[in-house]
Structure formats: C-alpha cells, structure tokens
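**Student:** The residues making up each chain are set out below.
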Amino acid sequence: MRTVDLIGTAVANTFRSKTRTILTILAIFVGAFTLTLTNGLGTGINAYIDDTVSSVGASDTMTVTKTSETAGGLGAATSGPKEYDPDAVAATGAGAPGSTVVALTPTDLDELGRIDGVLDVQAVKSISTDYIEAGGGTKYVVGVGGLISGQSVTLVDGAQPDDDTDTLQLVLPTSYVEPLGFGSDADAVGQTVTVAITDAQRTQHTVDATVVGVAEESLASPTGASIVPNAALTDLLYETQNIGVPSDQVERYAQASIRFGADATDEQVTAVKDRLADAGYTGTTVADQLGTIKTVIDGIVLVLNAFAIIALLAASFGIVNTLLMSVQERTREIGLMKAMGQSSSKVFALFSIEAAFIGFLGSAIGVGIAVLAGTGISAALSGSLLADLPGLDLIAFDPVSLGIIVLVVMVIAFLAGTLPAARAAKADPVESLRYE
Amino acid sequence: MQSTTAPPIISVRDVRRSYGRGQNRFEALKGVSFDIHAGESVAIVGKSGSGKSTLMHVLALLDAPSSGTVELEGVDTSTLRGRRLNTTRNKTFGFVFQQFFLTANATVLENVLLPMKIAGVRRGDRRRRALAALAQLQLEDKARNRAVNLSGGQKQRTVIARALVNNPRIIFADEPTGNLDTATGAVVEDILFSLNRESGITLIVVTHDEELAGRCDRRILIRDGLLVEDEAVAA
Numbered sequence: 001m002r003t004v005d006l007i008g009t010a011v012a013n014t015f016r017s018k019t020r021t022i023l024t025i026l027a028i029f030v031g032a033f034t035l036t037l038t039n040g041l042g043t044g045i046n047a048y049i050d051d052t053v054s055s056v057g058a059s060d061t062m063t064v065t066k067t068s069e070t071a072g073g074l075g076a077a078t079s080g081p082k083e084y085d086p087d088a089v090a091a092t093g094a095g096a097p098g099s100t101v102v103a104l105t106p107t108d109l110d111e112l113g114r115i116d117g118v119l120d121v122q123a124v125k126s127i128s129t130d131y132i133e134a135g136g137g138t139k140y141v142v143g144v145g146g147l148i149s150g151q152s153v154t155l156v157d158g159a160q161p162d163d164d165t166d167t168l169q170l171v172l173p174t175s176y177v178e179p180l181g182f183g184s185d186a187d188a189v190g191q192t193v194t195v196a197i198t199d200a201q202r203t204q205h206t207v208d209a210t211v212v213g214v215a216e217e218s219l220a221s222p223t224g225a226s227i228v229p230n231a232a233l234t235d236l237l238y239e240t241q242n243i244g245v246p247s248d249q250v251e252r253y254a255q256a257s258i259r260f261g262a263d264a265t266d267e268q269v270t271a272v273k274d275r276l277a278d279a280g281y282t283g284t285t286v287a288d289q290l291g292t293i294k295t296v297i298d299g300i301v302l303v304l305n306a307f308a309i310i311a312l313l314a315a316s317f318g319i320v321n322t323l324l325m326s327v328q329e330r331t332r333e334i335g336l337m338k339a340m341g342q343s344s345s346k347v348f349a350l351f352s353i354e355a356a357f358i359g360f361l362g363s364a365i366g367v368g369i370a371v372l373a374g375t376g377i378s379a380a381l382s383g384s385l386l387a388d389l390p391g392l393d394l395i396a397f398d399p400v401s402l403g404i405i406v407l408v409v410m411v412i413a414f415l416a417g418t419l420p421a422a423r424a425a426k427a428d429p430v431e432s433l434r435y436e
Numbered sequence: 001m002q003s004t005t006a007p008p009i010i011s012v013r014d015v016r017r018s019y020g021r022g023q024n025r026f027e028a029l030k031g032v033s034f035d036i037h038a039g040e041s042v043a044i045v046g047k048s049g050s051g052k053s054t055l056m057h058v059l060a061l062l063d064a065p066s067s068g069t070v071e072l073e074g075v076d077t078s079t080l081r082g083r084r085l086n087t088t089r090n091k092t093f094g095f096v097f098q099q100f101f102l103t104a105n106a107t108v109l110e111n112v113l114l115p116m117k118i119a120g121v122r123r124g125d126r127r128r129r130a131l132a133a134l135a136q137l138q139l140e141d142k143a144r145n146r147a148v149n150l151s152g153g154q155k156q157r158t159v160i161a162r163a164l165v166n167n168p169r170i171i172f173a174d175e176p177t178g179n180l181d182t183a184t185g186a187v188v189e190d191i192l193f194s195l196n197r198e199s200g201i202t203l204i205v206v207t208h209d210e211e212l213a214g215r216c217d218r219r220i221l222i223r224d225g226l227l228v229e230d231e232a233v234a235a
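Going down the list, the protein sequences come from chains L and P.
First residue of the first sequence: 1, per this note's numbering; consecutive thereafter.
First residue of the second sequence: 1, per this note's numbering; consecutive thereafter.
Keep in mind that the hints are not guaranteed to be accurate.
[To be verified] Calculated lysine to any residue pairs in the SDA-like style (CA-CA distance at most 20 Å, straight line):
hint: 1; chain 1: L; residue 1: 346; chain 2: L; residue 2: 51
hint: 2; chain 1: P; residue 1: 91; chain 2: L; residue 2: 343
hint: 3; chain 1: L; residue 1: 18; chain 2: P; residue 2: 91
hint: 4; chain 1: L; residue 1: 346; chain 2: P; residue 2: 85
hint: 5; chain 1: L; residue 1: 346; chain 2: P; residue 2: 146
hint: 6; chain 1: L; residue 1: 426; chain 2: P; residue 2: 64
hint: 7; chain 1: L; residue 1: 139; chain 2: L; residue 2: 196
hint: 8; chain 1: L; residue 1: 294; chain 2: P; residue 2: 103
hint: 9; chain 1: P; residue 1: 91; chain 2: L; residue 2: 196
hint: 10; chain 1: L; residue 1: 18; chain 2: P; residue 2: 146
hint: 11; chain 1: L; residue 1: 426; chain 2: P; residue 2: 83
hint: 12; chain 1: P; residue 1: 91; chain 2: P; residue 2: 110
hint: 13; chain 1: L; residue 1: 426; chain 2: P; residue 2: 104
hint: 14; chain 1: L; residue 1: 346; chain 2: P; residue 2: 110
hint: 15; chain 1: L; residue 1: 426; chain 2: P; residue 2: 63
hint: 16; chain 1: L; residue 1: 18; chain 2: P; residue 2: 103
hint: 17; chain 1: L; residue 1: 346; chain 2: P; residue 2: 122
hint: 18; chain 1: L; residue 1: 346; chain 2: P; residue 2: 121
hint: 19; chain 1: P; residue 1: 91; chain 2: L; residue 2: 2
hint: 20; chain 1: L; residue 1: 18; chain 2: P; residue 2: 104
hint: 21; chain 1: L; residue 1: 426; chain 2: P; residue 2: 123
[To be verified] If you only want the chain P side, here are some residues facing chain L, beta carbon under 8 Å, derived:
hint: 22; residue: 19
hint: 23; residue: 20
hint: 24; residue: 84
hint: 25; residue: 86
Think of the hints as simulated: they come from the structure by calculation, not from any bench.
Treat the numbers as computed from the prediction; the structure is a model and nothing was measured.
From the three backbone atoms N, C-alpha and C, an ideal C-beta is built for every residue, glycine too.
Put together the whole structure using the sequences plus the hints.
**Tutor:** Structure follows, in structure tokens:
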C-alpha cells in the first residue's frame, strides 16, 4: 500500500463508526482545550511581564542596599531586640513597607565603585513630595519615582525626561492627567505643574516644572503611579528636601544603583552579587524582582497543565478502547487484507495512523475553540476586571506552542493506538477468516 | 485435461499440519501429496473437520505446513518471507468466500479495488481496472452502491470481481455458492468455470457440495486429514 493510500484509508476508517469516533474526539477535545487555555494563560502573563521588563530596559543595572538585620523583608525573624543603628533610614522602594535599611554613605558608594564588575554607581535619591497641582486646581498627593540609568518609562504621549538639560521636567502618570484638569494625555504635555515639598525644618516649598511626557501605569512599571522628574528637578527637590539637615547627614541614601556590563552573562551577574554580599551589600536586578513573579506564574501554569495532561491521558484510554473495538469489528477485514498480501507493518500503520488522526481531530478542534474562547475571555476581562492593567492580554497564544500541543496530543494518541494496532497486526488471517 | 508433462503450478509433498502440543496435539493434515497443473479446475471435497479448509489455507500460503513442502510454480514456499510472501499472495491468488467478506459500508468499487490498493497500484489505474472487472461481471452500474445493499448473487459477483482484478493465476473458492440459492449459485458457478476455461485461471474449489465438485476437472477427497481419492471427473 502506498503511504497516501494508507493515510487515506486510515482517515476513512476513522469515520466508519461516527458516534464512537465523535465521543473519543470529544474526550481529547476537553484535554486539548484545557491545555491550550492554561498554556495561553502562561503565555499571556509572561508576555506581559517580558514586555514590561524590556520597556523598563534596565537589564544592566542592579539596585544595591546595605545588608541589615531586617533586610530579609517582611516578617523576617530576628533573634531578640535589634541594636540601634544611627545610619538606619526608612526604606522607600526596595524592601517591605515600614522596614528599615541601613543607609549608604559616600564611603559606601566609593566602596561599591571599587567592586570588580561594577561600572558605575549612582545613589538613588529618595524624595517625598507633599502634593502636585496644576493651575491652582485641586492638590493631589504624588510619589516620586526615580529612574536608574538605562531605565525608561512606558509613555503614552510626550518624551522621556531629559537628564542633560537645566529645565525642570517631569513625566506625569496617566491617571493624574484628568484630575489635574488636562483634557487629554496630549494636552498635558508641555503644561506646567507645581510640586510642593517640605524641608527638614517643616517649611513647605513649591517648584514649577514642565510636563514632557505622560506615562502608562503597568503592573511592573519601575515607577508606578509616580511622577518621574529629570536630573535637574530631582537635584532641586532633593536639595530643597534636605534644607536644615545637618551637613554630615545629607548624603545618606537608602539605596544605590550600580551598572554592570550590558553583555554580562547570568554567571557574571551572580558573581557581582556574590562580591557585593561579601562586602556587606545586597544587589537585586529587575529580573530578580520579576523573576519571582514569573516563577510563581510558571508554577501555577505547570500545575494547570498537569491537570490538562491528566485529562488527555484519560482520553487516550478512550482511544485504546475505541480502536480495540474497531479491531474486534474488523477482524475479518484485517484477515482478508492479510490474505491479499497486506503486510503486518502496514496493518499496524493503518491503525496507528487512525489513532493519530483521532488525536489530530480532537486537538485541532480543541485548540481552535480554545483560541476563540481565550481571545473572547481575554477581551472581556481586559475591558472589565483587568482594566487597571493596560497592555495585559490575560490569555495569549503563540502558534509554535499551539502546534506543539497538537503534536503532543497526536503523539499521545499514536502511543495509545499502538496497543490495538499491534493486536491487529498480529491477527492470523486463518483465524480471522474462519467461520465454521 | 491438461498435459501432465508441464510442470505443476502447485506441488504438494507429504504435507502435515498439526495444532497444539502434547496431549492436545491435533493433526489436521496427516501427509497429503498431489500436484495441480495450471488451468485445471480442482474440487477439494470433504466433510467439515476433514482438514479440507486447512489444506486450502496451506495452498493459499495463509498457513504454513508443520512438515512437508508446498511448491508454487517450482518455488518452495517455505523460502518465501515478508515482502516476497505478501507480493506472491497479492499477485498469484484471488479469493472467493462463502461469507463474501465485503466491507459493508464501502462502495462496490472500493471493495473491488482493495487488492490493487494493497499492491500499490496508482489511483487512476486501479479505478480503470476495477471498473473493467465489474463490467466483466455485469456490475458496472452497481459500482457506486454500498456493498451492504447488494443481493447475495451481486455480492458474490463483486467478490469474484475483487478476486479477478489483480489477474491472479489461481482463484480459491471456499464454498462459493454456500450462501446462495440454487439459481444464483448456478450463475456464480458458471462465471467461475468460464473464467477457468476462457482465461485459463486455475480454480481450486473447496466444497462439500458434490454437484459443484462434479463440474470440476478433478475431485480430491479428504477424510480425517488424508487424501483418500484423487480422480478425474467425467465432465
């Protein structure tokens, strides 16, 4: 038998007992459908995180804090009361809220700069403003986010803050555009806003700055719902905030960012972290922070996939059952084909191909409908439940993994088909054709 | 009658076939020898359980003898293995069964072209040849019908068309009229014997119908696994 006839015959045989085939296909459909959706969930969320990380664009920087007893984060057990440390400052950004970190001093910064693999050290100046307003309107509380070198914000309009200019610039989060009285994101660009900040002597100062861009807010944005000032504005705000602080206390930073080579491998990054740890500092890359999230998501998706695979395994027993019945029914036919010179291997192929084809039908239909359903669910959710996370497609599909799902199901079906196929191949024509 | 000087198409020498082992050992054939010449029509006659079906299976290479040799056109069939065995079965034999063994839901045409499909004949070719075989048996108008919808006689004619389609040297007919009424049976017999006479196809009929056996050139009687009579029949 020619291969094309072999496949044609197998496909035709699939539809001989329609009800039975359809039921088997349905069982596979359920498994393939589930597998596609859970996979799509993983793809969607991880794609969103990847997008966010690449928009952050700080693959060559690391946030460094001084390792302190509580640097382990929220709920880290300490043995007994902690000794007072005059250098401890409240952490902003890194670490759990309310926890303290030991401040970095200029000496620390110099030391960080000397560590092998560190190209550049920049202190992260934490600034806390009182409010932001535009044109004497309502005052709103706002945080200040700092970008470490190499990072950028995801803009919906305007431009990135320019660190090389003396003009005071900032990027406004999109959620502030309307409350501040601007018509649209585009309208806000170029407008002047006022930022108020209180110094150490409880005196409030206001600073006017130009809005150069409007930023998208996303789950893993480096700044969140904060304004992002350029270098000139950062320096001015920081100076203002530190008016009245004793001069030896001014240069205290909760964290610093260091830059390592953009082409550093994972091993090199780990080596830098080890050296930082030896020197008494803790280094965290953006990938580290998001990596945890990804690991959790991957874990959940893996568990969901495992359920889908179990469904597929159950379905594969359905295939075994269906084909065993077919072999039973077609004993005579198999015997006749063998009497007519059909080789056992071709008989085996006939039934295995039929199994694989049942698998193909079930998975193709399952994948197809899952893509439709997933796209629908995703669209519905992003308009309602997940409206706060622009850019997130909860369920996304990539053709390669869809193809892999179909292939995997076909392989499972093929394997399930080998038992009945072997039985058919073994059939003795004399036995099969006996009718006395 | 054929000249006995030509080499036989089938030569059976002391063929034994036993099933089971030890206590359960059962000898279906206990040493059978005969020759069949090309173009002969031979009836293998015997009661059920006599071993005639086993003999046919051995002759058709569906079963191998436990001892003894079967030569097909001068070739010891025990040397045929795998692909060669399958090709030999496919090209040399045609089968007509009492129970037809048609694929019920496939069309008559599909049933008839099955042997050519197995042989790997191209689609257009096998269609043409199958239609020609059906025309030979006056079934061309039934080509698109499902086999299940045919009458008994039409089914058996379809089976004969299927047996013919690969131009076999030998047709094995196992109780070809067993499931047919007398009139239809006679028609089927006529077809088989005309094929034997006109196309020179060797016809080996297994039957317990003495009338049918009487129409053959030769009658081989099997009883308890032994050949008890081998005689030419006066036509």
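**Student:** Look at each hint and say if it fits the structure.
**Tutor:** Each hint tested on the structure:
1. 346(L) to 51(L): With a Cα-Cα distance of about 50 Å, the restraint between residue 346(L) and residue 51(L) is violated, given a limit of 20 Å.
2. 91(P) to 343(L): Holds, at roughly 14 Å.
3. 18(L) to 91(P): violated (34 Å)
4. 346(L) to 85(P): holds (14 Å)
5. 346(L) to 146(P): Measuring from Cα to Cα gives roughly 25 Å; hence the hint is violated.
6. 426(L) to 64(P): Holds, at roughly 16 Å.
7. 139(L) to 196(L): Between residue 139(L) and residue 196(L) the Cα gap is close to 9 Å, so the pair holds against 20 Å.
8. 294(L) to 103(P): Distance ~56 Å between residue 294(L) and residue 103(P) Cα, so the pair is violated.
9. 91(P) to 196(L): Violated, at about 99 Å.
10. 18(L) to 146(P): holds (17 Å)
11. 426(L) to 83(P): holds (16 Å)
12. 91(P) to 110(P): holds (18 Å)
13. 426(L) to 104(P): Distance ~23 Å between residue 426(L) and residue 104(P) Cα, so the pair is violated.
14. 346(L) to 110(P): holds (18 Å)
15. 426(L) to 63(P): holds (14 Å)
16. 18(L) to 103(P): Satisfied, since the Cα-Cα distance of roughly 16 Å is no more than 20 Å.
17. 346(L) to 122(P): holds (17 Å)
18. 346(L) to 121(P): OK: residue 346(L) and residue 121(P) at ~15 Å, within 20 Å.
19. 91(P) to 2(L): Satisfied, since the Cα-Cα distance of roughly 16 Å is no more than 20 Å.
20. 18(L) to 104(P): holds (15 Å)
21. 426(L) to 123(P): With Cα atoms ~28 Å apart, residue 426(L) and residue 123(P) exceed 20 Å; violated.
22. 19: violated (11 Å)
23. 20: Nearest chain L Cβ about 14 Å off; hint violated.
24. 84: violated (10 Å)
25. 86: Holds - the Cβ of residue 86(P) comes within 8 Å of chain L, reaching about 4 Å at its closest.
Checked against the numbered hints above, the structure violates hints 1, 3, 5, 8, 9, 13, 21, 22, 23 and 24; every other hint is satisfied.
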